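Enquirer: The lines below spell out each chain.
2 protein chains.
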Amino acid sequence: MNKNYYAILMAGGVGSRFWPVSTTQFPKQFHDMLGTGDTLIQKTFSRLSQLVPAENILILTNEIYNDIVLEQLPQVSQQQILLEPAMRNTAPCILYASLKIQKMNPDAVMVVAPSDHWIEDEAAFIDNLQQAFDFAQNSDVLVTLGIQPTFPNTGYGYIEYDKTDRNNLKKVMQFREKPDYETAKQFLASGNFVWNAGIFIWNVQAVTSAFKNFQPAIAELFENGYDSYNTTAEKEFINENYAKADNISIDYAIMENAQNVYVLPATFDWNDLGTWGSLHDKLPKDEKNNTVVNAKLFIENSSNNIIRTDKDKIVIIDGLDDYIVVDKEKILLIFPKEKEQEIKKITALVTANS
Amino acid sequence: MNKNYYAILMAGGVGSRFWPVSTTQFPKQFHDMLGTGDTLIQKTFSRLSQLVPAENILILTNEIYNDIVLEQLPQVSQQQILLEPAMRNTAPCILYASLKIQKMNPDAVMVVAPSDHWIEDEAAFIDNLQQAFDFAQNSDVLVTLGIQPTFPNTGYGYIEYDKTDRNNLKKVMQFREKPDYETAKQFLASGNFVWNAGIFIWNVQAVTSAFKNFQPAIAELFENGYDSYNTTAEKEFINENYAKADNISIDYAIMENAQNVYVLPATFDWNDLGTWGSLHDKLPKDEKNNTVVNAKLFIENSSNNIIRTDKDKIVIIDGLDDYIVVDKEKILLIFPKEKEQEIKKITALVTANS
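Each protein sequence line maps, in turn, to chains C and V.
Under numbering that gives the first Met the number 0, read the first sequence as residues 0 to 353, first letter to last.
Under numbering that gives the first Met the number 0, read the second sequence as residues 0 to 353, first letter to last.
None of these hints come from the bench; they were simulated from the model.
Among the hints, a few may not be true.
It does not matter which identical chain is used: a pair holds within one copy or between any two.
[As the list claims (entries may be wrong)] Simulated crosslink set (PhoX-like; lysine-lysine; CA at most 20 Å straight-line):
| hint | residue 1 | residue 2 |
| --- | --- | --- |
| 1 | Lys234 | Lys327 |
| 2 | Lys343 | Lys295 |
| 3 | Lys327 | Lys310 |
| 4 | Lys329 | Lys284 |
| 5 | Lys162 | Lys343 |
| 6 | Lys295 | Lys344 |
| 7 | Lys162 | Lys102 |
| 8 | Lys312 | Lys344 |
| 9 | Lys287 | Lys243 |
| 10 | Lys281 | Lys177 |
| 11 | Lys162 | Lys184 |
| 12 | Lys329 | Lys295 |
| 13 | Lys336 | Lys287 |
| 14 | Lys170 | Lys344 |
| 15 | Lys344 | Lys234 |
From a predicted model like this one, the values you see are computed outputs, not experimental measurements.
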């Protein structure tokens, strides 16, 4: 395994659309959302460790999740877990992790990846990732893996690449934020748009240079701590300075500005498990398109439902169509699938009134 | 309080239409079905003890419920709990209890009452019961309290009384089993039909005579044990003989045959809490006719539902109408109200497959 390969696993999200299974105390990435026996972060870690040495995988998360990470990834040492002392968007934590890696190994090339997505075909993923590593290893480029869109989804950002580029890794023209439906349809018709899945590959020189060029304030803030990184002084520096960083995403901070961005249209399937509906798409279904996780289900006259409970719950349903039924300890949710985007709001309402 | 007053509380039922709240292990009468803070048997006991000395109230139940009775009615001694060693209909256990009471007090007059019904106006109930006790105390009569029917219910038995009888307690013409809908409508139109709620009042002489006349085999079986009753020998006699008794209801064994039967049309409201629907009728409702027991409910775009959970469960429902939603520990039921009679069958199916 290549000792120059590193990974940053992004594991600080709260997955509020999956409430009540996913909560601020125990968010989506730490759940076995598909009932496979592994949590999403365990799956992601094991997938990445096929190419990246396990000791080179850093976990970026919030302080409150530190114990969960150690419990779910016992092969990981405390030094591999980077704790954000404040909630910030992705740019600050990616730069912080990149500088730590640079100090460990100036020849490092790294992948940044979400910890809560689903990839079925791991061999294709590893193949794509290897291509990206090869491309990024010795070049001043910022690479992303783009997902082939299957329908005009308005919930994702898109990446437009140069149609004329005949290479596997294509020059990116621009990043496009979540489009409206008509625009999304045009994107698909054009044939040179892919979904932005938040998977990035670059060498440490390329990413730190990009920050210096496009986000000099953040770059300066975190470079001031360089001497402390990977030493006992690091924690104090981070606790004192992290919250000073702008709350900005890596897309907005770097990717939309840089001219040396390339995308590899991925050959693997992908599901961000962003909503109950996308989970329903991913899971096995009965002949009436009902999906069940954990429950022992007795269902009649019902179709297109997703039912998820704690282990060994007996569920009897009659005459229900297109519903999300989730039972988790002290919370029961019976909600129309078509309104799944509103679950976020419900979470807030219930939390405020309970 | 009149020391000659006794009561027999019938507490052996299994309430299968209320599954999963009501189970064979823990049936309806032992639950706080209305969320009042008291279980139904506790409510019934306290209601009867307004007229009947607490130590004169016997509980007829199955052996498996003995500990629950002692726990829920701590004022009751083990001697007051009569345990049926075999499942039999109501006639055998009523005679057995009546003979025990006769041996304690040959002047006893008693009420037989279900333990799992709901009576809101307890003062009216006590007033009616007092009238019945007064009438039955010194006369060879079998008295029943009849419920004024509010609609042509086909799920209850009816009692027809003599229209010309101007007394409060009216001579009964006949007992009628559960009618079809057209017949039930005729009953209501006639004006001299009441529902049979299974509440009976008589003195010990009258009931034991009636058994001798109409059920000589059962009478002989239980009179053979007379010497043992209320002694240490009783348990052995009952365990050896109880199962020999015919499996027959008090209505069929006695009431439908006797000529000295009287009914007092009750002035209290009554609900047998026989189904989730009847419970829904009884409970407070929100402006959209939803009823909730125990749950902390957040409900929108939904009407005519009954939702019952364990204490403090948070339930979020959107777009559901006319459903029974019951969550109890390891079981979740989401079932159309109009199919409530089928819950019995579901119980069997789930039990067989779990």
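Enquirer: Could you run down the list of hints and mark each one as holding or not?
Expert: Checked hints:
1. Lys234 / Lys327: neither (36 Å within a copy, 47 Å between copies)
2. Lys343 / Lys295: between (27 Å within a copy, 18 Å between copies)
3. Lys327 / Lys310: Close inside one copy (10 Å) and across copies (14 Å); limit 20 Å.
4. Lys329 / Lys284: This pair counts as neither: shortest intra-copy Cα distance 27 Å, inter-copy 23 Å.
5. Lys162 / Lys343: Neither. Shortest intra-copy (38 Å) and inter-copy (64 Å) distances fail the 20 Å Cα cut-off.
6. Lys295 / Lys344: between (29 Å within a copy, 17 Å between copies)
7. Lys162 / Lys102: neither (38 Å within a copy, 102 Å between copies)
8. Lys312 / Lys344: between (27 Å within a copy, 19 Å between copies)
9. Lys287 / Lys243: neither (53 Å within a copy, 51 Å between copies)
10. Lys281 / Lys177: For Lys281 and Lys177, the Cα distance exceeds 20 Å both inside one copy (22 Å) and across copies (51 Å).
11. Lys162 / Lys184: Within one copy only: 17 Å inside, 79 Å across.
12. Lys329 / Lys295: Answer is both: 19 Å inside a copy and 10 Å across each meet the 20 Å cutoff.
13. Lys336 / Lys287: within (15 Å within a copy, 22 Å between copies)
14. Lys170 / Lys344: neither (39 Å within a copy, 64 Å between copies)
15. Lys344 / Lys234: neither (35 Å within a copy, 62 Å between copies)
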